[in-house]
Structures are given as C-alpha cells and as structure tokens.
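Residue numbers (the working numbering), protein chains in the order written: chain A, 1 to 573; chain B, 1 to 185.
Please note that the accuracy of each hint is not assured.
[To be verified] Incomplete in silico selection of chain A near chain B, CB under 10 Å:
1) R126
2) E365
3) S432
4) Q455
[Stated by the list, open to error] With beta-carbon atoms standing in for the labels, derived distance ranges:
5) B:G75 to A:K357: 21 to 27 Å
6) A:R46 to B:V14: 37 to 43 Å
7) A:H420 to B:E165: 38 to 44 Å
By construction, these hints were calculated from the structure, which means they are not laboratory data.
We treat Cβ as the ideally placed atom computed from N, Cα and C, and that holds for glycine.
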Amino acid sequence: MQLFDFNGGVTPDYHKEASTQSPIAVSPAPTFLVIPLHQSIGGTPRPLVSAGDRVLKGQRIGAADGDMSSAIHASTSGHVVAVEMRRMPHPSGLSALCVVIKADGRDEWIARQSFDYRSHTAAETRDYLRDAGVVGLGGAVFPTHLKMSPGKGDKLDTLIINGAECEPFITCDDLLMRERAEAIIQGVVILRDLLAAGRVLVGIEDNKPQAVAAMTAAVQAGGHQDMAVVAVPTRYPAGGAKQLIRVLTGIEVPHGKRSTDYGVQCFNVGTAHAIHEAINLGQPLISRIVTVAGNVAAPRNYEVLLGTSMEALLTQSQPLPDTDRLIMGGPMMGVSLPSKDVPVVKATNCILAGSKKLFPPPPPEMPCIRCGECATACPADLQPFELYWFSRAKIFGKAQEYHLFDCIECGCCSYVCPSHIPLVDYYRFAKSEIWANESEKAAADQAREQYEFRQLREAREAQEKAARLAARTAAGRAAATNALAVASDATSDATPAAAPVAKSATTPATEPAQTPSPQAALIAAALERARAQQVQPANTTNLTPEQQAEIAAIEARRAQIRAQAHPHLPPDD
Amino acid sequence: MLAALLVMALGAVVLGAVLGFAAVKFRVEGDPLTEKIDAILPQTQCGQCGFPGCKPYAAAMAKGEADINQCPPGGDEGIRKLADLLGREYKPLSAEHGVEKPKALAVIDEQRCIGCTLCIQACPVDAIVGAAKQMHTVIAVQCTGCELCVPVCPVDCIDMVPVAENITTWKWKYPVVAIKPVTTH
Ligand code: SF4
Ligand code: SF4
Ligand code: SF4
Ligand code: SF4
C-alpha cells in the first residue's frame with residue numbers, strides 16, 4: 001500500500017520500552033473515588049445523585065447537558081458521600097463539581113445489556129453512546145456520538161483507526177492493541193457499520209511491531225476483507241489526526257475544512273475499544289488504560305477506574321525520591337499538574353513523573369533569530385515564528401490570520417527552536433485570550449440586544465398606554481361634540497378623527513378652558529368623568545369629631561401644597 | 001458567441017437586481033460611527049458614563065460631545081480602543097465617573113426578597129425574573145453587573161458577587177521570560 005508523507009515533524013527519544021515490559025495491571029479499586037462531572041469537551045453533565053444515594057458500578061450519575069456533552073457513570077458500587085467542588089487534573093489547579101463515592105468493595109454492576117445497533121436508528125445509537133459516556137480516548141475527549149454522522153452524502157470512504165501513539169513515554173494504546181486486539185476490532189466493526197465506511201485503515205507506528213502483529217491477526221481472524229492494518233513510519237506527530245489521514249490516504253485537509261468533507265473520519269483505538277464495551281457488553285465508560293512512566297522505578301500500564309486518585313496510581317509504580325513534578329500526557333503535549341491529589345479522568349492517557357535530571361530546565365529564552373527551523377518542523381504547515389511574534393505582542397487578530405487555531409500544540413517548534421523559546425506556551429496564552437475575548441463579546445452582544453429590546457418594549461408600552469387613554473376619551477368626545485353641535489352651529493372640528501386625540505387625552509388640565517371650543521368641551525367632559533369616578537373612601541364614615549378635624553387639617557394642607565405645585569390647576573373638589 | 005453574451009448580460013441584470021434589492025432590504029440603520037463605538041463599549045448599560053446606556057454615550061462620542069474616558073466597566077483597555085478608533089489622545093479613566101472593578105453579578109437573597117418588582121424595573125437588560133409579591137431571581141448569564149438594581153431594593157437584599165475564575169474561564173498566563181536559570185529547592 002502506498003503511504004504518503006506529512007511535512008515537518010521531529011524524532012525525539014521515545015522511551016517506550018520501559019513501560020511495555022509487563023502486561024496491563026489492574027489498579028485496585030480505591031476506597032474513595034472522586035468523579036468529576038465535566039470530563040469531555042462540551043457542557044457539564046447534570047448530577048443525578050446526591051449525598052447518601054447508593055450507586056452501582058456503571059450507574060449513570062451525570063446526565064449529558066444537551067447533545068454537545070457526554071454522560072458520567074459511577075466506576076464502582078458504593079455510596080455517594082458528597083457532590084462537591086474538588087481539585088481537577090487541570091493546569092490551573094482549580095476545582096469543579098465532582099461526585100465523591102465511598103466504595104463498598106462489592107463492585108456490583110448494574111444490569112448490563114448489549115445494545116443491538118442494527119435494530120435501532122442511527123439517532124438512537126448516537127444517544128446510546130452519549131448516555132454511555134463514550135468520548136475520544138486519544139486525549140482530546142471529544143464526545144464520540146458527535147462524530148458518528150457520516151459527512152457529505154451518507155457514507156464514508158475511509159474509516160481511520162488511530163493506533164499510531166507517537167508521543168514519547170505513552171504506551172497505553174500499544175498495550176491495549178497487544179492484549180485486546182479482538183475487542184478493538186469488534187468496536188471497529190460497529191464504527192464501520194454505523195458510518196457505512198467503504199474501507200478501514202488501522203494506522204500503527206512501525207516501532208510497535210507486536211501491536212501491528214496482534215491487530216493484523218485479529219483482522220484476519222475476523223475475516224474482514226475491507227480492513228487493513230498499516231505500519232506507518234515512526235515520526236512525531238504521526239498520531240495527529242490530520243497527519244495520520246495524510247500518511248494513509250494522501251488527503252490534505254485544508255484550513256477550515258473537516259476530514260469528513262473528504263470522506264474520512266478518524267477514531268482512536270481506545271475509543272473503538274470503549275465502543276465495543278458499551279454496545280456489545282453494555283458497559284459504559286468507567287475505566288481506561290493509563291501509562292505511568294518517567295521518573296518511576298516500575299513504569300507500567302494500568303487499567304484504572306475513573307476517579308482513582310493519581311497519587312494512589314503513581315505509588316504503584318514507585319516514584320523515585322527526586323520526583324518534582326507530575327505531567328498529565330506526554331513530554332511534548334502534556335500539561336503540568338499543580339497537585340498529585342487529583343483524579344484520573346477520561347483524558348488521562350499517561351501520568352509522567354518528572355525530575356530535574358529527566359527533564360532539565362530549559363536554557364534561558366533568547367530572542368528569535370528567524371532561522372525558520374520551527375516552520376520546517378511544524379506538521380501543520382504554519383509559521384510558528386510569526387504566531388509567536390503576534391502572540392507575544394498580543395496582536396491576536398494577526399495571530400488568527402496566520403491560522404493560530406490550526407496549531408495542534410504538538411510542540412515540534414519549541415523542540416527544535418535554537419533560541420529555546422517556549423513557543424507553545426505563547427500559543428496557549430494567545431488562544432485562551434482569544435476565547436475569553438470572544439465570550440466577552442458574545443455576552444456584550446447579548447446585553448446590547450436585551451437592552452435594545454427593552455427600549456423597544458418600553459416605547460411600545462408607552463404608545464399602547466396613550467392609545468388606551470385615547471380610546472377611553474373617544475366616547476366622551478362623541479358625547480361632547482354632540483352637545484356642542486346642539487349648542488352652536490360650529491361644524492369645523494366636529495369630526496372626531498380630525499382632532500388631536502392624544503394631545504387632548506394626555507394634557508387636559510394644562511390647557512385652561514377659554515373659549516367653548518370642542519376641545520374645551522372634551523376637557524370638561526373628561527374632568528367630569530374623573531370626578532364621577534372618584535368614589536368616597538370607605539373609611540371616612542362614622543368618624544369621631546377629632547378624626548374629622550384631623551382630616552380637615554390634612555385636606556387643607558393638601559390644597560395648599562397643590563396650589564403651590566400647580567398654580568394653574570383648578571382646585572380639585 | 002451571441003449566446004454567451006446574452007448569458008453574461010442576463011447574469012449582470014439579475015445580479016444587479018439582487019444587489020439593488022439587497023441594498024434596500026438590508027440597509028444598515030443608524031450611524032456607522034456610533035455603531036463602531038458601541039461595539040467597543042462593554043454593554044454593561046450601567047449609566048456611569050452619564051448617559052442612559054452605552055448607545056447614547058456612543059452617539060455622544062460620535063458627535064464629539066463626550067470624552068472617551070467616561071466608561072468605568074470598559075476600563076483602560078476600552079479607552080485605548082476608543083482612542084485608536086477615534087484618533088484621539090489616550091487619557092486615564094475620569095475619576096468622577098467611577099473606577100474599574102472586576103466583574104460581579106447580582107445575586108438576590110431569595111429569603112429576604114419581598115417581591116416588590118422594583119429591581120425588575122431598574123434592570124436595563126431584563127436579567128431579573130419574578131412577579132409581584134413573588135420571589136425574584138437573577139438570570140446570571142444575562143446580568144451585566146451594572147449594579148442598577150442594588151440601590152432600588154427596599155429591603156437591601158441584592159448583593160454584587162464577584163465572578164470567580166473557574167475551569168472554563170481560566171486562561172493560560174503570559175509566559176514568564178526567564179532571565180537566567182534559577183535553582184529552587
Ligand atoms: S526556531 Fe526559534 S529562533 Fe528559529 S525562527 Fe523559530 S522561533 Fe525563531
Ligand atoms: S505547536 Fe503548533 S506551531 Fe508549533 S509545530 Fe506544532 S502545530 Fe506547528
Ligand atoms: S459607563 Fe456603563 S452605560 Fe456608559 S458606556 Fe460604560 S458600560 Fe455603557
Ligand atoms: S440584575 Fe442588577 S446588576 Fe445585573 S444587569 Fe440587572 S440591574 Fe444590572
């Protein structure tokens with residue numbers, strides 16, 4: 001099969017052997033599990049349990065918030081101790097809402113039932129996957145059900161299964177493929193059927209011969225003529241979705257397009273495995289394989305229940321005493337965690353212990369010499385030094401023009417930069433500033449709209465009020481004009497429609513009656529009606545002489561004030 | 001050849017008609033400079049600038065009747081943007097109009113609210129829901145933090161609570177440029 005090449009890329013030291021010496025170990029269920037509700041791209045799921053509830057393993061404890069979200073489940077049976085804010089495995093060290101479960105040690109499952117996707121509609125299957133909490137396990141944690149619609153037309157040319165795993169130290173996909181190839185292929189079959197894919201290509205970097213062999217054997221055992229396992233050259237970042245698509249199909253997905261526009265969709269091997277467990281076994285996503293590597297005595301892969309503390313997991317691999325940092329992910333794309341006391345989540349593919357010796361602090365940052373090394377290394381065909389310049393100078397509009405958001409933060413540019421500039425840090429800074437600006441702008445636009453709507457509504461209400469008053473006067477006007485017609489022969493203004501209705505209605509008292517014009521008659525009628533409407537207050541009967549005296553005094557004061565305030569007003573009764 | 005010319009001519013006529021129609025149908029209302037200024041203003045609608053909302057202030061600036069440093073919620077950054085747009089000299093926020101504060105949202109103490117509807121009438125963006133004699137509450141995503149509802153409440157049950165940073169609003173910090181390697185621990 002013909003393979004293609006992507007531009008750029010680097011070949012760092014892989015450090016993969018150490019953690020692939022032993023098979024996947026099952027990390028024991030801890031006593032307390034802290035399960036964050038927000039573990040994927042999209043909305044934060046709503047908690048479905050509260051403190052005191054008993055939960056079973058696999059029970060849904062967080063419902064997807066709309067379609068752009070994914071459900072959360074209890075990883076073991078036990079009791080909910082709290083639904084509260086706990087520290088997240090996030091570079092900020094901030095907290096978010098988590099369900100804390102005290103395990104009862106029985107590990108009792110919900111009733112598990114396979115889901116026959118062949119007898120359900122595509123929409124039902126998507127909803128099922130959303131409610132089973134299946135998300136991309138390659139690290140991006142994008143809800144899988146959102147990727148289940150074929151692109152243009154209703155079939156996909158090529159389904160790509162990503163087993164490249166190009167980042168140093170990380171071996172969780174490698175071990176999963178070695179040990180559970182058949183389960184992965186069963187998941188791939190589901191994906192192929194649901195997406196009506198014409199062919200399936202499984203891409204694995206050629207530094208994982210055992211994984212290639214195991215996956216090839218599984219494809220052959222299943223007799224799948226439309227599937228091929230392809231060893232791709234080892235070069236970081238061959239496991240980037242766009243890069244793997246390029247290598248396997250030669251298709252270059254340009255800026256602003258999706259791979260589905262070209263009939264290609266890409267899923268991680270771990271995701272395929274999770275789909276198999278959800279659909280064929282009725283098990284929602286409650287665990288994942290995590291590589292523990294770096295500055296530890298016994299690097300290894302573990303099958304870990306989501307919500308297990310990272311510290312507990314790390315201890316099993318015996319971190320060396322000089323460990324001074326913890327990275328979630330690999331050395332190229334991972335993020336430093338401010339604390340060990342955070343849970344393993346769906347995005348945790350690797351926990352990398354670091355030390356000064358293993359990752360020496362970078363030499364001081366020097367000015368950019370515009371050597372262009374970064375542009376040569378960039379697999380996304382960007383100009384990193386331009387992005388760096390504009391991000392550093394906070395000229396974000398320009399950075400976007402240079403396609404900042406096409407940057408996959410692979411770190412190749414920082415890796416090769418002779419001036420040791422932490423380029424990706426600048427891109428992350430610029431991206432989050434741009435996002436914040438955009439959400440601020442959206443909020444301002446909403447506020448502007450609400451404000452303008454309110455102004456409109458107030459104007460309309462004022463108008464309606466005037467109209468109501470005018471309508472009420474109309475009856476009086478008719479009577480008045482009739483009376484006038486009898487009194488004199490004046491006919492000029494006698495038609496009601498010709499008179500300034502609103503004016504006479506709203507300003508009756510400010511136009512003192514001088515001549516017996518129709519307007520004056522109208523005003524008189526209005527005043528008469530107003531007087532007639534004034535009902536005697538019910539509490540002014542049967543009064544004692546003192547009360548009557550008091551009322552008289554108050555009325556006198558009122559009259560005085562009224563006379564001062566509106567000298568031109570006729571005294572009110 | 002003739003057919004081609006006819007097609008082109010027809011195309012020109014049709015497109016011209018479409019453009020003409022679009023120009024009438026989608027005409028931009030209002031003064032474009034006011035719109036541009038209004039796009040910079042934060043839309044808090046708090047009136048601290050001395051105008052009954054952002055749009056009126058924008059209109060006054062467009063006419064040259066108001067200075068560019070009267071909007072406290074827009075802060076320093078807002079003034080710089082206005083100076084850029086209007087080609088005027090930057091000047092610090094005028095103290096008489098207020099000080100720049102971190103964004104806060106109104107929160108009604110639902111136990112104390114007596115349902116008087118005064119805050120609903122004060123809120124410029126309809127961010128408060130409730131009916132007479134019913135408890136009122138603030139729709140957080142719509143609240144601009146203008147504080148107009150605070151003074152009108154007769155039982156003083158509205159508090160301005162600063163917006164705390166959370167996982168989704170957290171931002172990567174500007175990289176610190178190390179001058180020389182430091183050894184800690
Ligand atoms: S590699 Fe570094 S020094 Fe060279 S152009 Fe890129 S940013 Fe500048
Ligand atoms: S981090 Fe971004 S800019 Fe740098 S090489 Fe990777 S894709 Fe290119
Ligand atoms: S001070 Fe308030 S009303 Fe005036 S422009 Fe600024 S946000 Fe808008
Ligand atoms: S709720 Fe209060 S602070 Fe918020 S926008 Fe309305 S009036 Fe302003």
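Structure-based check of each hint:
no.: 1; hint: R126; verdict: violated, 25 Å
no.: 2; hint: E365; verdict: holds, 6 Å
no.: 3; hint: S432; verdict: holds, 4 Å
no.: 4; hint: Q455; verdict: holds, 8 Å
no.: 5; hint: B:G75 to A:K357: 21 to 27 Å; verdict: violated, 46 Å
no.: 6; hint: A:R46 to B:V14: 37 to 43 Å; verdict: violated, 52 Å
no.: 7; hint: A:H420 to B:E165: 38 to 44 Å; verdict: violated, 30 Å
When each numbered hint is compared with the structure, violations occur for hints 1, 5, 6 and 7.
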